[in-house]
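For the record, the sequence lines run as chains A and B.
Just add 221 to the spot in the first sequence (first one is 1) and you have the working numbering.
Just add 29 to the spot in the second sequence (first one is 1) and you have the working numbering.
It should be emphasised that the hints constitute simulated quantities derived from the structure, not laboratory data.
Source: prediction; values computed, not measured.
It is possible that some hints are incorrect.
Stated by the list, open to error - Calculated cross-link-like contacts (lysine-lysine; reagent style BS3-like; alpha-carbon spacing at most 27 Å):
1. B:Lys164 to B:Lys102
2. B:Lys102 to A:Lys379
3. B:Lys164 to A:Lys355
4. B:Lys159 to B:Lys102
Unchecked claim - Short derived list, chain B residues pointing at chain A, Cβ under 10 Å:
5. Pro125
6. Thr261
7. Trp263
Stated by the list, open to error - What follows is a list of derived Cβ distance ranges for each label pair:
8. B:Leu255 to A:Leu286: 49 to 59 Å
9. A:Gln393 to B:Val180: 36 to 46 Å
10. B:Arg259 to A:Tyr483: 18 to 28 Å
Think of the CB as a built atom: it goes at the ideal place given N, C-alpha and C, for glycine as much as any other residue.
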Amino acid sequence: MTIDLQSVRKEFVARDGARTPAVEDVSLTLGEGEFVVIVGPSGCGKTTVLNMIAGLERPTAGAILADGRPVTGPGVDRGVMFQDYALFPWRTVAENVAFPLRFGPAGAGLSGAAIGDRVDATLTLVGLAAARDKYPHQLSGGMRQRVALARLLSYEPKVLLMDEPLAALDAQTRTILQDELLRIWGQDGPAASRRTVLFITHAIDEAVFLADRVVVMSSHPGRVREIVPVDLPRPRNDATRADPDFQRIAQHIWSLIKNEAYRAATS
Amino acid sequence: MAAFALIWWAASVLTDNPLLLPSPQAVSAAFAGLALDGELFTQSALSVVRLLAALLIAFAIAAPLGLAMGMSKRFEEFVDPVVELLRPISGIAWIPLGLFIFGVGQSLPIFIMAYTATFPVLIGTVSGVKSVDRKLVRAAETMGLSQSAIVARVVVPSILPALLVSLRLGVASAWTAVIAAELVGAPNGLGYAISWYREMLVTPKMIAFIAMVGVCGYFCDLALRLLAARLTPWAPGAEARR
Ligand SMILES: Nc1ncnc2c1ncn2[C@@H]1O[C@H](COP(=O)(O)OP(=O)(O)O)[C@@H](O)[C@H]1O
Ligand SMILES: [Mg+2]
């Protein structure tokens, strides 16, 4: 599925009438099977962009198209992984992963056994088979993250929208999950079998490691400052991180963000 | 507990009037006697069954009403004035009117208890619905759940712990009211037994029944806590409770 944002603007209007311009004139296309990462300082509108694509927020102006049709609300074709996991605390790991299939339209026509098989396969994929009967509050941050990922993958949305999904993790777990995410996305397979991903992060090295293109945003109001193509070869692995090109691209993005931060601090 | 018994015993010796304040020994003997011939339990069971019936009624009224009030601001603004007007009126205040309408029987104590328990359950449900995590609702929306599925699968389980806590508050206040209702408006039950033995001037048995009110109240609350641990094993503190 392709996603098209055309001159999208979003303004939040508070109850007292105060207006916060969150996003200004964002135009961006996510190609079929493309892995796009947004980086930018806090409050620059990353989450707002993602929520608008998800259909959870409406743009104030401009258009958002999914496969050419306007987005009017949430839908199972665009799955979201929220920053703080949004797991259902009253359901076990396996039940959380089964949730969209059992209670949403994505599981219509699937038998209970078929759903069970899908859940088992997805849990194995993210390495959580042993924790299937635990409740979210019994899990570490990294495991909750995997549950959220498994729940997202279980119902196979065509577009994966991921809002700082690895932000809460320690550096080691994070590196491991970056590798796993690329594997699950299908970086070893043909490009045609991949799903479209929009991924938000604070970490520049993470952005460069994962992305086909990095969208650098600036704030007040949130705009696209530059779209940086990352033409590092796939599959990517530990060697990628040591690649001089990797370092060069990361340096470039940092310089863009550094300038922005500098201007914000001195204005 | 021992200090309490000691002070009681000392007071009963000083008063030296078994009608006014019988000794702990006399009350224990009365308690044992009533327990042996089963009267203690038959009267307790009658009151507890009434409590359960009243809880069921209160729950059936308050839970859906609270759900609707929590989800619709307009509906809340419509219903809330009535609730806030009735709430400060103790269930006991309705006993005289209840006697007219229901007469002496099962209905009066059940009505009074249901009335009393409705308010805590209602208020607990409304505040529970309002504190449902918006993120979870949004997550369910992105999975394509319909509005009714979101109510059933996200809102209801979210408020279950708060609902069970409010049910405990409801039991506590309903149990306080049942004794008053049964004192005047029932042909049997704990409150009736207390008033009966008062009229018979058998103070030890009267006090034995008063003690039973406390015992039953305690066990009803314990049962609800165990139920909560079973129904909401994910809620904070659930593991400690098991
Ligand atoms: N619901 C909202 N109401 C009002 N302002 C909001 C709301 N959500 C976000 N904003 C504002 O919009 C701007 C962008 O927010 P957000 O998209 O969350 O940024 P980011 O995800 O990049 O940190 C911020 O200034 C934020 O305060
Ligand atoms: Mg954000």
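Hint by hint, here is what the structure shows:
1. Between the alpha carbons of lysine 164 (chain B) and lysine 102 (chain B) the distance comes to roughly 20 Å, so the proposed pair stays at or under 27 Å and holds.
2. A distance of roughly 36 Å separates the Cα atoms of lysine 102 (chain B) and lysine 379 (chain A); the hinted pair therefore is violated under the 27 Å criterion.
3. At roughly 21 Å between alpha-carbon atoms, lysine 164 (chain B) and lysine 355 (chain A) fall within 27 Å of each other, so this suggested pair holds.
4. With a CA separation close to 10 Å, the supplied pair lysine 159 (chain B) and lysine 102 (chain B) stays within the 27 Å bound.
5. At a threshold of 10 Å, the smallest CB-CB gap from proline 125 (chain B) to chain A is about 45 Å, leaving the interface hint violated.
6. For threonine 261 (chain B), the interface hint holds, since its Cβ comes within 10 Å of a Cβ in chain A; the closest pair sits about 7 Å apart.
7. Nearest Cβ of chain A to the Cβ of tryptophan 263 (chain B): about 5 Å, under the 10 Å cut. The hint holds.
8. Checked against the hint of 49 to 59 Å, the pair leucine 255 (chain B) and leucine 286 (chain A) passes, with Cβ atoms roughly 55 Å apart.
9. Between glutamine 393 (chain A) and valine 180 (chain B) the beta carbons are some 41 Å apart, a value that agrees with the proposed interval 36 to 46 Å.
10. For the pair arginine 259 (chain B) and tyrosine 483 (chain A), the beta carbons lie near 58 Å from each other, so the given range of 18 to 28 Å is not met.
In the structure shown, a violation is registered for the earlier hints numbered 2, 5, 10, in ascending order.
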